[in-house]
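Colleague: Here is how the chains run, residue by residue.
Number of protein chains: 2
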Amino acid sequence: MKKNIITLSIIITGIIANAQSDSATIRKIYTDALTNGKSYSNLEYLCKKIGGRLAGSPQAQKAVDWAFKAMKEAGADTVYLQECMVPHWVRGEKEIGKVITSNSKGVKPVNICALGGSIATPAEGLTAGIVEAKGIADLKRLGKENIEGKIVFFNDPMDPTLIRTFGAYGKAVMQRWAGAKEAAKYGAVGVIVRSATLAQDDNPHTGVMSYNDSITKIPACAISTNGANWLSTYLLTDKDAKFYLKMNCQTLAEEKSYNVVGEIYGTSKKDEIITVGGHLDAWDNGEGAHDDGAGIVQSIDIIRIYKSLGIKPKCTIRAVAFMNEENGGRGGKKYMELAKLKNEKHIAAIESDAGGFSPRGFSSTMNDKQKEKLLSWKKYFEPYEVYDFTHNGGGADIEPLNEELGVPMLELIPDSQRYFDYHHTAIDTFEAVNKRELELGSAAMAALIYLIDTYGL
Amino acid sequence: MKKNIITLSIIITGIIANAQSDSATIRKIYTDALTNGKSYSNLEYLCKKIGGRLAGSPQAQKAVDWAFKAMKEAGADTVYLQECMVPHWVRGEKEIGKVITSNSKGVKPVNICALGGSIATPAEGLTAGIVEAKGIADLKRLGKENIEGKIVFFNDPMDPTLIRTFGAYGKAVMQRWAGAKEAAKYGAVGVIVRSATLAQDDNPHTGVMSYNDSITKIPACAISTNGANWLSTYLLTDKDAKFYLKMNCQTLAEEKSYNVVGEIYGTSKKDEIITVGGHLDAWDNGEGAHDDGAGIVQSIDIIRIYKSLGIKPKCTIRAVAFMNEENGGRGGKKYMELAKLKNEKHIAAIESDAGGFSPRGFSSTMNDKQKEKLLSWKKYFEPYEVYDFTHNGGGADIEPLNEELGVPMLELIPDSQRYFDYHHTAIDTFEAVNKRELELGSAAMAALIYLIDTYGL
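Line order of the protein sequences matches chains A and B. Heads up, the first sequence is in the working numbering, so the first residue is 1 and it goes up one at a time. Heads up, the second sequence is in the working numbering, so the first residue is 458 and it goes up one at a time.
In isolation and in its complexed conformation, chain A is listed as follows:
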């Protein structure tokens, strides 16, 4: 009995000592991120020297070269590329949008931008009547008689009452993704889509849209929320107004591109992998700061933090700059395919693709036992104001790993209130990111990786 008590006492002492040592390590991680972090200066370079970098563009290739170098500089034991073919869509000249009134008010310019993947209008532009639809479901109500030959103006706003803005985005974005192909079924000749944001401003938000090869392809553009509100009100008084749309975007031949992978070799479990990443590509109209320069520089900084503190992980840690999340997801798929081909053992995959804002928690997709383990680590994060560990979630680039190979996936949840103010716009710039908020994200992910590496998942 005495022996048992002594054993138990040793175990308990061990657990307490470990917990203290884990807390101390996590404190060091945060301190390092907040005092020596390179994520902010890296983000400045990526945004200001490279800028928008849609897959297939020369800027995307520059970003690949830069990420390779940045991972080396962060101290990765090895850095390599994973080749993948990516779509190559180009916006072309600045789009033109105008309302041609049916009265004495003449022509009113409207700030629009092509949705990613859209076809061009005819070279001389496209002019047609306008019909407003509150989302895709509304097309049926309107019917062919109201839609045929017209431009459909999708004007379903995001729901402001949802606290997490991603929920509202997920709902409203369907009109952007599927609006053109659905409206074309009713004979529409083009679509204008209300920007997916809760901000009231003049910035049109681009983003990917889709066609169906068996349905006529029609051009699709975004209008700002202020523009959409104005247009909706204007149409009440001038039902015969027309819209003039001119875009010369093109889908070119696919291009060769790359994921960039930087590793810290594991010591005792080198063949077991923890992946952390974001996506390197970004829409061409901004600098891709929150989406997703933040995730890239945070992931790279995790390598730097580990090396700076001399933490030697048991498993191999991989920072991955995925290519082509925005309009194809080819990088994420390629990463999974290679993992499958090589029969790699992935312990967990973590993504940061929700902006460089103050971290709030981690969402996850994994089994109950793993969720329980995650929740048991909450105490380590609370001193850093990271509280939220219960939501389901993941990331677009690591979803193939989860879906095909069953790898547990997690995503950093930053505060979401400002994200869609910037998302896919010209104002998603370096200046919109706060240095400390960005660094706290690197630290939270580095701390989570430390716990997964130490205790498994």
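There are no misleading hints in this set.
Here are the computed lysine-lysine pairs in the BS3-like style, where the Cα-Cα straight-line distance is at most 30 Å:
#1 A:K379 to B:K826
#2 B:K826 to A:K378
#3 A:K369 to B:K835
#4 A:K171 to B:K836
#5 A:K378 to B:K828
#6 B:K835 to A:K171
#7 A:K378 to B:K835
#8 B:K836 to A:K369
#9 A:K378 to B:K628
#10 A:K373 to B:K835
#11 A:K28 to B:K591
#12 B:K485 to A:K134
#13 A:K379 to B:K830
#14 A:K379 to B:K828
#15 A:K379 to B:K835
#16 B:K836 to A:K371
#17 A:K379 to B:K628
#18 B:K836 to A:K378
#19 B:K597 to B:K628
To be clear, the hints were calculated from the coordinates, so they are not data collected in a lab.
Given chain A's structure and the hints, the job is docking chain B onto it.
Modeller: Below, chain B without anything else, positioned relative to chain A:
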């Protein structure tokens, strides 16, 4: 026994029904704040039409008039003023700061601003050598031999490793508050103080400083963090450089000013009061958006939310726009004195004076039983991403109520990472505030008031 079971069952059913109904009410509060909220448009008016509004200024009087009107418009059952005398300090002409190098590099302009309460320099300005001190404690090390006749450059930075930036501020701000009177003891002729911020930029941050009547008063100004870093580095190579400082700020005669109080009358407990407020005055160099326009418009919007939803509180709810928090705290003192004089029963006082950012929780100063009750309400807030209920805290304007009358006090904790980027600067403008984040603050406080009103504290 059966009867007992039935009674118990009724009680439990009642508790569950209440919890559901409370959740539903809180959901309505959030929905109303996020869809009908007037805090953002009110903030725009306060910032853009009135702007900086230091106590005693004509702008402060305009703000009083505006707040009175805004509370009426929000639907308050009564609005009234509480007169108080306030200090009246004026900045005067734009301050001039220059480093006069002792070498061929000539004169280098430095962006400075007077600290609130500082005396002026002589009309022709003040020129003296510079000695750098790492905070007040460093004065002793330097001694009179290094300080006498010189300008002390206090350059103790905020600690970036603390997660809550207010902790770092509290430490670093002592050199601003007491630097002049402490340096004067060693014969200093002026002080330049590193701005209390973690941002690296060119904005000097003003803020209140203090004198001791028995010690020579010397002028005090703030320098930006970029300026401080440059000056510190420059002094390494040019120890004989001098600083030229010209300020013509003045302390004028005290002025009459006011707290503005708007009430929703309680139904069954009209004489029991729940106070919620922020401060109406703001430094003259910015628009006082985060500090503390946010707290003002949030408090006013609580009245509007209650009226809009038809919630009839048992207790009286008072929204208070306190005057002179920044450089005297006279409004807060006056509020307490009147409460004491009238023998008012205050159930709780809540303050919002930490910026209009995403709410994270509430800090409090009250007894353990009350803290426990607060913690039991956490579940109602978690769906709104408000998690943090354990920290001690309060607010400067409600502190007298707490200290003198023992009123439990609470403060809204918004995310603190960006706050000191704006605090007391020219960039604390309307544009720095996000509409939803601001509205979530009103909602969180309205929900807390609802729970306090329903269940007591």
